Amino acid sequence: MNRTALATLAVLLLAGPPVAAEEPDPSTPEGDPTAAEYWRHCSIDGFPAAACGGTASSCPPGTLMSPVAWIGTCHNPADGRDYILSYNDCCGKGPCGQAFVHRNEGDKPVYYAHKSNDVGWCMGPADAVYNSTVSVVIGVVEDEEAAEAEEPAK
Amino acid sequence: MAGAAAAQLPIETVGRSEVLERAFDPHRVWAADGLLGRLNLVDLDDGAFLGQIDAGWGMPQVLFSPEKRELYVPETYFSRGTRGARTDVATIYDAKTLAPSAEVLLPPKRAINPLPTGNAALSDDGRMLAVFNMDPATSLSIVDLETRQLRAEIPTPGCSLAYAAGARRFLALCADGGLLTLDLDAAGGLARAERSAPFFDPEADPVTEKAVRWGNRWIFVSFEGQVHEVDLSNGAPRFEAPWSLLDAEDREDSWRVGGLQHLALHEATGRLYSLVHQGGPDSHKDPGTEIWVHDLAERRRVQRIEALNPGPTVMGYPIVFGPDWFYRFALDTVMPRVGVDAIAVTQDAEPLLLAGAKYTAGLVVYDARSGELLRRVFTGGMTSQALYTLPPLPEAEPSPSDRSAP
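Those sequence lines, one after another, are chains A and B.
Each residue of the first sequence is one higher than the one before, counting from 25 in my numbering.
Each residue of the second sequence is one higher than the one before, counting from 113 in my numbering.
Just chain B, same shape as in the assembly (with noise of 0.2 Å):
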């Protein structure tokens, strides 16, 4: 009776609910699921699922704030489920808990589509979040996060989306093909608009929405696969000569670009990850099948990675069969390659490229320097449409006491 005694279970507390140990990290992805409305965070080295935000209806878009340990989420919420009031906010969650500490009422026309990136912004300082509204004019709602107010809400006619190019600075994409560069005063609100001329032709061959940042460049890339480099150092957007991720075989072969998510990059090294398969017109928005890599600084392709299969599941379950070197075979070698919908990089100096499809909830993480498969592992939810990781802030690396914190 002794020895059953010693070895009784400690009495448990009712009550409680986990914390993160690290509110951040390089090696995690919060993968947006459109369906469900959630954002489900992974651990890509293990391929434990720690934690999930509820963004109600649309694809949801995430921003990060390492320094405050915060995400910011705009959601959209109808007051019967489909139907009813709207109500737009700001959701301010904390990083570690994963709980809304704040929420800012929004202008209820924030834009619903499916893209992973513009719909939100964060200014370099972290102070200023623009949110995209389109009704269908555009507009841009500014959030101060540091009084939790909306600041302002600016016109934006003929330009959408946002995107990050200074402490107080957001660029619009406008029909023309040129760009709109806001300027913010200390408050939040408008102090300078400027179009530019156009840099490319949206009826022609439009630059995808899909842009990821370099430093104090955006790369857009365009349908036919051209990089428009718009160089954002001297104030004024000046925009580089157009080079192409395809050559002329390349383009004789069909390959284009196309995805949800059709780019990723690794700020440290330049190297650009780009979705392609071979298709025709129309195509932008299929599957990749495989991934080429391009070094930005000498404009040339280093590397093809070949876009395995991402484990398959259903209702978020996922299918895995027989033993480990069975299952990768089934999915490598037997299955057809069906090609995946979005990519990320992590931007640690031990980078994993990431890739995921909206037919699963499955994802391929390679090693981005090798392109060598790691693993395979599962968001949880129904689908992978876009694929967030922590952006190459300085502040972004958890400090020790983050680290050591419950």
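Excised from the complex, chain A in its bound form (with noise of 0.2 Å):
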């Protein structure tokens, strides 16, 4: 099932951690929030906040996030999920110029800015140069097998 036809299966907003949720092996690129490789970066055409001085999801020291964000979809390796990934920009410092992401995946022209990287989403309270970007998880996508077997009989 592709990426597309996942994001418009049914999305449930995580309530707390997963029982059986976890993270690739930090050992990994997959696993470690200051690669590139690493798995929540896919949609991050920019830089990692975790490789500027920040985490996966809180910006650098000294930069503020901004309260508007587009949205991708990453699968995790670790628990073979796929999530919803809020991409935040940190604004306020000059670009970060660390761990370059290039990747993309179903990002979408700045005209479907809910889905472009391309947008510059230092705005509002956050109107500053950019720095770097967050990959905020913010939900987990639910395949349409999985959501009808958790779904009550009616």
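Among the hints, erroneous ones may be present.
Ranges between beta-carbon positions, derived for each pair [what the hints assert, rightly or not]:
id	chain 1	residue 1	chain 2	residue 2	range
1	B	414	A	52	39 to 49 Å
2	B	158	A	163	51 to 61 Å
3	B	304	A	163	19 to 29 Å
4	A	85	B	162	57 to 67 Å
5	A	110	B	249	43 to 53 Å
6	B	348	A	49	25 to 35 Å
7	A	49	B	410	53 to 63 Å
8	A	162	B	306	29 to 39 Å
9	B	305	A	148	19 to 29 Å
10	B	348	A	85	52 to 62 Å
In silico EDC-like cross-links for lysine to aspartate or glutamate, where the CA-CA straight-line distance does not exceed 20 Å [stated by the list, open to error]:
id	chain 1	residue 1	chain 2	residue 2
11	B	180	B	215
12	B	397	A	61
13	B	208	B	130
14	B	208	B	247
15	B	180	B	133
16	B	397	B	336
17	B	397	A	129
18	B	180	B	206
19	B	397	A	69
Derived, one-sided and incomplete: chain B residues facing chain A with beta-carbon distance under 8 Å [to be verified]:
id	residue
20	168
21	175
22	194
23	195
24	226
25	262
26	311
27	314
28	321
29	394
30	397
Everything labelled a hint here was simulated from the structure, so no lab data went into it.
As the structure is a computational prediction, the values presented were derived from the model and not from experiment.
The beta carbon of each residue, even a glycine, is placed where N, CA and C say it ideally should be.
Make one complex out of these two single chains by using the hints.
This is how it looks when you write it as structure tokens:
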């Protein structure tokens, strides 16, 4: 099943860490948030905050996180699930320049803004120069079969 | 002693700045460097660096008025460099002195992105400049270039970017795959707005923003290589049935369009130049390894040009080594093909095709008709993300008086 199809299926917000959820071994590129190959960075065209002094979900010191963002879907190889990622930009210092990521999975043009990594998202209270991008897990994609299995019988 | 006196250099004047001999020339490029926020002017025939414009934060876009000998550049500045109070301006530059001659304050929310086109557009009558805003609500700021005043901010909910489409008309691309047509009144305010039905599927196969204009048509190309021609000759946009840059064999071999500025057009001959590479889905921003040439009237490919390596640079400095034959041999034969990200074509009768890449300030210059490599030039920046050549306007050719003026 492709990503587009998956993205159209049921999305459940994470109430807390799922029991079986885990991330890949941090010693591998897929498990190292400072690496361009890290699984959460699959839709980024820019610099991951974790390689710039922040983490996968927090901005580098002294920068501000944009309140608006684009959304991507990435596959976590450790638990086999697809997750919804919020790619918020970190703003207020110059472009970080570390671990350039150019993966663009699911990226759409600027006019389809909520899925576009070309939009400069440093806006509103974070109206400043772009520094880097975080990859925050905000949801998990449930495939159709799993959703049906979990649906109570009517 | 008398001989030595005769050889003495003339006394010079302190405080003089150069003025370009010609305001415009088809064989020049303004190369945009998004890292330095700079536009560099380079002569494509001899490689001479002629001047620069510093454009603040973001990828610069420049628009041309050959008639008024002016350049228009939307710019963004923060009072503390990377932070602080934001000021957006549309700066008007004299095309010969390259000095700012006027500026118009804009709402401080113009869109920041790496696109080579669509962030600003000049109406066909040369009077109104549209600047695309995104905060994230979308709108266009309209600047009257005659009175040097901000005339309006026109909301474009659900639609983005600006493409010139008539004397006082702009188009915007909408998230549902349709077009928004905006007609301005004489004062630059909104006279009429109309949304079209969708002409492509933005989720399944979106068109890129990097469209090119062919007379009364805009040519949009999708991620999958579908060409969507929008005909504006009879008022309302008319959408032609899409056709493909790729045939079955091309698709079998995984050829795709892609790049930061992947399309260029030679207006007079109707030749469309496309950057292509072999790759999978989501590779729509990958660099191109070939440049394919299509005859738009016949809708068929007429040429394939290898995307040669631009000359490498470090911190803007060209890395040139050995005699010319050895340098060319090393770049064309020994070095792996790294691909190019941006292409442009000059609009004269002896057109040049140029190609640049984001890893270098070097450009490759080809004869656009034969595809023959002519030379490599350098833009003096850190990177070449967008290339702007003089558009195919009737008044674009410099007049004799322009050529002889100081």
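So, going through the hints one by one against the coordinates:
1. The beta-carbon spacing between residue 414 of chain B and residue 52 of chain A, approximately 48 Å, falls within the hinted interval of 39 to 49 Å.
2. Restraint check, residue 158 of chain B to residue 163 of chain A: a C-beta distance of roughly 57 Å satisfies the suggested window 51 to 61 Å.
3. As the Cβ distance of residue 304 of chain B to residue 163 of chain A is approximately 41 Å, the hint placing it in 19 to 29 Å is violated.
4. Range check, residue 85 of chain A to residue 162 of chain B: about 42 Å between beta-carbon atoms, so the 57 to 67 Å window is missed.
5. Distance hint check: the CB atoms of residue 110 of chain A and residue 249 of chain B are about 19 Å apart, inconsistent with the given range 43 to 53 Å.
6. Here the CB-CB span from residue 348 of chain B to residue 49 of chain A is close to 58 Å, at odds with the stated 25 to 35 Å.
7. Taking the beta carbon of each, residue 49 of chain A and residue 410 of chain B are about 56 Å apart, inside 53 to 63 Å as hinted.
8. Under the hint 29 to 39 Å, the C-beta atoms of residue 162 of chain A and residue 306 of chain B, about 37 Å apart, fit the expected range.
9. Between residue 305 of chain B and residue 148 of chain A the Cβ separation comes to about 26 Å, which falls inside the hinted range of 19 to 29 Å.
10. Between residue 348 of chain B and residue 85 of chain A the beta carbons are some 53 Å apart, a value that agrees with the proposed interval 52 to 62 Å.
11. For the given pair, residue 180 of chain B sits about 15 Å from residue 215 of chain B by alpha-carbon distance, which is consistent with the 20 Å threshold.
12. The straight-line distance between the Cα atoms of residue 397 of chain B and residue 61 of chain A is roughly 17 Å, inside the 20 Å bound, and the hint therefore holds.
13. Between the alpha carbons of residue 208 of chain B and residue 130 of chain B the distance comes to roughly 9 Å, so the proposed pair stays at or under 20 Å and holds.
14. With a CA separation close to 35 Å, the supplied pair residue 208 of chain B and residue 247 of chain B exceeds the 20 Å bound.
15. A C-alpha spacing of about 16 Å is found between residue 180 of chain B and residue 133 of chain B, which places the hinted pair at or below 20 Å, so the restraint holds.
16. With a C-alpha separation of about 12 Å, the suggested pair residue 397 of chain B and residue 336 of chain B falls inside the 20 Å cut-off, and the hint holds.
17. Between residue 397 of chain B and residue 129 of chain A the alpha-carbon distance is near 11 Å, which keeps this suggested pair within the 20 Å criterion.
18. Between residue 180 of chain B and residue 206 of chain B, the direct Cα distance comes to roughly 9 Å. Compliance with the 20 Å bound is thereby established for this hinted pair.
19. A C-alpha spacing of about 9 Å is found between residue 397 of chain B and residue 69 of chain A, which places the hinted pair at or below 20 Å, so the restraint holds.
20. With its C-beta approaching chain A no nearer than about 10 Å, residue 168 of chain B sits outside the 8 Å limit, and its interface hint is violated.
21. At a threshold of 8 Å, the smallest CB-CB gap from residue 175 of chain B to chain A is about 19 Å, leaving the interface hint violated.
22. Given the 8 Å rule on beta carbons, the hint for residue 194 of chain B holds: about 4 Å separates it from the nearest Cβ of chain A.
23. Nearest Cβ of chain A to the Cβ of residue 195 of chain B: about 4 Å, under the 8 Å cut. The hint holds.
24. Because the closest C-beta pair between residue 226 of chain B and chain A is about 6 Å apart, less than 8 Å, the hint holds.
25. This hint is violated: residue 262 of chain B has a C-beta 19 Å from the nearest C-beta of chain A, more than the 8 Å allowed.
26. With a least beta-carbon distance of about 13 Å to chain A, the hint placing residue 311 of chain B at the interface is violated under the 8 Å criterion.
27. Taken as an interface hint, residue 314 of chain B checks out: its beta carbon lies about 5 Å from the nearest beta carbon of chain A, inside 8 Å.
28. Taking 8 Å as the C-beta contact cut-off toward chain A, the hint placing residue 321 of chain B at the interface holds, the least distance being around 5 Å.
29. Given hint, residue 394 of chain B at the interface with chain A, holds; its Cβ is 5 Å from that chain's nearest Cβ, closer than 8 Å.
30. For the restraint placing residue 397 of chain B at the interface with chain A, the shortest Cβ-Cβ distance is roughly 5 Å, inside the 8 Å limit, so the hint holds.
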